[in-house]
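Whole structure, please, built from the sequences with the hints as guidance.
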Amino acid sequence: MSNARNNLVRQLSHRSLFESALPVLSTLSTWNDGDILFFDATNKIINAITGDGCIANLVGVAQQSVKNGIVPSPYQGTAVDASVGFSDMEGPAYGDIFSMVLKSGDSFTPGIPVYATTDPQTVTVTNPGSGNNVGIFQGPAVTPSVTGTFGDVLIGARYNMTGIHF
Amino acid sequence: MSLLTVQEIEKSFLESRSVTKPNGTRLRINEAEEINTKQLKDNIWNNPEIRWMRESFQRKMKFDFADSKKFPVMERGFSWKKMANKMGYPNPTFALKEADSGSVFPQVLRAGVQAIVNSMYLTVPTTYEAWTTTVNSDKDTELYAPLHGVSFLREVGKKEQYGESFAAGLDIKLVNRKYGTIFGVEKELLEDDTTGQFAKQASLLGEYCREAMEVIVYAKLAGTFNGGVSASYAQMTVPNTETKPSNEVNGYPYSQSFVGGGSNRPASFGVLTQPNIQTGFIALMNQLNLLGLKMSVDPDTIIVSPKYRFDLAVLLNSSFYPSQVSSTSGTTGQSFAINPIESIAKAVISRFIFNQNGVVNANSAAWYILDSKKPFFVSQMREAATVEQEAPTSGESFNRDVIRFKCSMRGNADFIDPRYCYQGSDGSV
Chain A
0 MSNARNNLVR
10 QLSHRSLFES
20 ALPVLSTLST
30 WNDGDILFFD
40 ATNKIINAIT
50 GDGCIANLVG
60 VAQQSVKNGI
70 VPSPYQGTAV
80 DASVGFSDME
90 GPAYGDIFSM
100 VLKSGDSFTP
110 GIPVYATTDP
120 QTVTVTNPGS
130 GNNVGIFQGP
140 AVTPSVTGTF
150 GDVLIGARYN
160 MTGIHF
Chain B
0 MSLLTVQEIE
10 KSFLESRSVT
20 KPNGTRLRIN
30 EAEEINTKQL
40 KDNIWNNPEI
50 RWMRESFQRK
60 MKFDFADSKK
70 FPVMERGFSW
80 KKMANKMGYP
90 NPTFALKEAD
100 SGSVFPQVLR
110 AGVQAIVNSM
120 YLTVPTTYEA
130 WTTTVNSDKD
140 TELYAPLHGV
150 SFLREVGKKE
160 QYGESFAAGL
170 DIKLVNRKYG
180 TIFGVEKELL
190 EDDTTGQFAK
200 QASLLGEYCR
210 EAMEVIVYAK
220 LAGTFNGGVS
230 ASYAQMTVPN
240 TETKPSNEVN
250 GYPYSQSFVG
260 GGSNRPASFG
270 VLTQPNIQTG
280 FIALMNQLNL
290 LGLKMSVDPD
300 TIIVSPKYRF
310 DLAVLLNSSF
320 YPSQVSSTSG
330 TTGQSFAINP
340 IESIAKAVIS
350 RFIFNQNGVV
360 NANSAAWYIL
370 DSKKPFFVSQ
380 MREAATVEQE
390 APTSGESFNR
400 DVIRFKCSMR
410 GNADFIDPRY
420 CYQGSDGSV
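Residue numbers (numbering that gives the first Met the number 0), protein chains in the order written: chain A, 0 to 165; chain B, 0 to 428.
It is possible that some hints are incorrect.
[Stated by the list, open to error] Lysine to any residue pairs mimicking SDA-like chemistry, simulated, CA-CA at most 20 Å apart:
| hint | chain 1 | residue 1 | chain 2 | residue 2 |
| --- | --- | --- | --- | --- |
| 1 | B | K177 | A | Q62 |
| 2 | B | K177 | A | S86 |
| 3 | B | K405 | A | D87 |
| 4 | B | K405 | B | L203 |
[Said to hold, decoys possible] Far from chain A by the CB rule (all over 12 Å, computed), these chain B residues:
| hint | residue |
| --- | --- |
| 5 | F62 |
| 6 | S78 |
| 7 | F165 |
| 8 | A166 |
| 9 | L287 |
Hint data in this document are derived by calculation from the structure and do not stem from the laboratory.
Being a predicted model, the structure only gives us computed values, none of them experimental.
Each residue gets a CB set at the ideal place from its N, CA and C atoms; glycine is no exception.
The structure is reproduced here in structure tokens:
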């Protein structure tokens, strides 16, 4: 499970395929601020990625934390928690540089494509099979990374596009 | 005193403030007398509208913008650049970019807009204030925890142990939601519009803020809609009721069997008629709380859409029996009988009564009876209405001469306890 953090490092084009995320929320939608998100074309929602299979529909990085479709309330445990309705919120952003967690043991060099892992905030240099990278590593070379190392990655989007777009 | 020649007059107009004649006499041009300057300042800063604005501004910003010592922008020699440098910014544009959301500097321009907006805001006809309880909010979420009381007495036999009472109550939270929009207009259009109507559109945004709360209130009053859709009006979507307790499983906010045995709707909805109104009053007077005890519900308000405005007027204001004579033998009330519901409730007619499909329909047949004296439904205001003009020294205003106004309101509305409200129809009949 990832940790919620505002990992936006540099804002470049800052675009979003779903500027208003309200129409693509459901009780199945759960992610942390900073997670890489994908569009679940079956359920017509956005959600945190769970692996390489999600990257064909990559939509960017979450700008807030969401649990079961709503922003976590500061007051949990009331009798009406489940009744709170979905709020409109900013959708996932792409085209910017985000600080991602580097998979331990991997060596990163500037300009190298990075791929998704099962953790929505961790990236790897190893092509998991699809060849769909989530972005391009921006930071100084890291050889090899130790657990908990962060690195700057330009994250793109792939949904309904040919190749990755930044 | 000698007259000026045409050349001297032309020269005088070309000079900014004064000209010295050949004989040494100083002639002042475009420079007001001291007494006039004082009077002019007095008229500007102390007229009722500006004074109100100044006082409002001072309460918020802790200084008077008419005080030239504390806010010396009108003084000769005042430099925005020096001010920006003093505050640690390289130039005013940079400083004002930073300050777009909270700066105190562009406010002189904005303040005029605000005054217009606020005066319009007060004149908007809305109806929710007639029966909801407005709560001023200062948090992300407001909490409500009313207790319904404790269980009732029971007989105690001699030497028998007393029974224990237990309490029951609600545990409600209501999160504030933000609604808003941005209205942009060309500077040239603002200047050239001889009717002045575009300049007034900004004030319309304030009116919309108030109407937005009206929409929220009546959407939440309806509670839920067919197919689980959300209520929508124009581009605005309002979620279904958000205060349904997890233990209410038989429908909410309208149910025939609340926890405790209460009910606030008929088995089948009916049109707004005298018998159906009477049924609603009887149901509310028999309302039960969480503990199954009779509640003090004293209905005094009927809410309808414009569709029923005149029907309701007849029903509530007729001295004689307002319904058609029944052919059923033994039915109470016939020709020349009194009207038993005369003045029994006040009528609230809103243009924003949603129908069963979540749509604001002018002919929505939905109607409600409720007890407006109880704070069972809150309209929660975090920010009633804010209309701001984008700083003219940055952003689109600076780059393209697009004047942009942003309005926002933050709040929410919902039931605290629907047992004080009866839904006679959801609009389907």
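Tested hints:
1. Pair hint K177/B plus Q62/A holds up; C-alpha atoms about 17 Å apart against a cutoff of 20 Å.
2. A threshold of 20 Å between alpha carbons decides the hint, and for K177/B with S86/A the separation of about 9 Å falls inside it, so the pair holds.
3. Annotation: proposed proximity of K405/B to D87/A holds, straight-line Cα distance about 18 Å (limit 20 Å).
4. A threshold of 20 Å between alpha carbons decides the hint, and for K405/B with L203/B the separation of about 11 Å falls inside it, so the pair holds.
5. Consistency note on F62/B: stated as away from chain A, and its beta-carbon is indeed over 12 Å from all of that chain's, at 34 Å minimum.
6. Distance check for S78/B against chain A: the nearest CB is about 32 Å away, which clears 12 Å, and the non-interface claim stands.
7. At roughly 17 Å from the closest C-beta of chain A, the C-beta of F165/B stays outside 12 Å, upholding its exclusion from the interface.
8. Residue placement check: A166/B keeps its beta carbon more than 12 Å from all beta carbons of chain A (closest about 14 Å).
9. For L287/B, the condition that its CB be more than 12 Å from all CB atoms of chain A holds, with the nearest at approximately 19 Å.
Checked against the numbered hints above, the structure breaks none of them.
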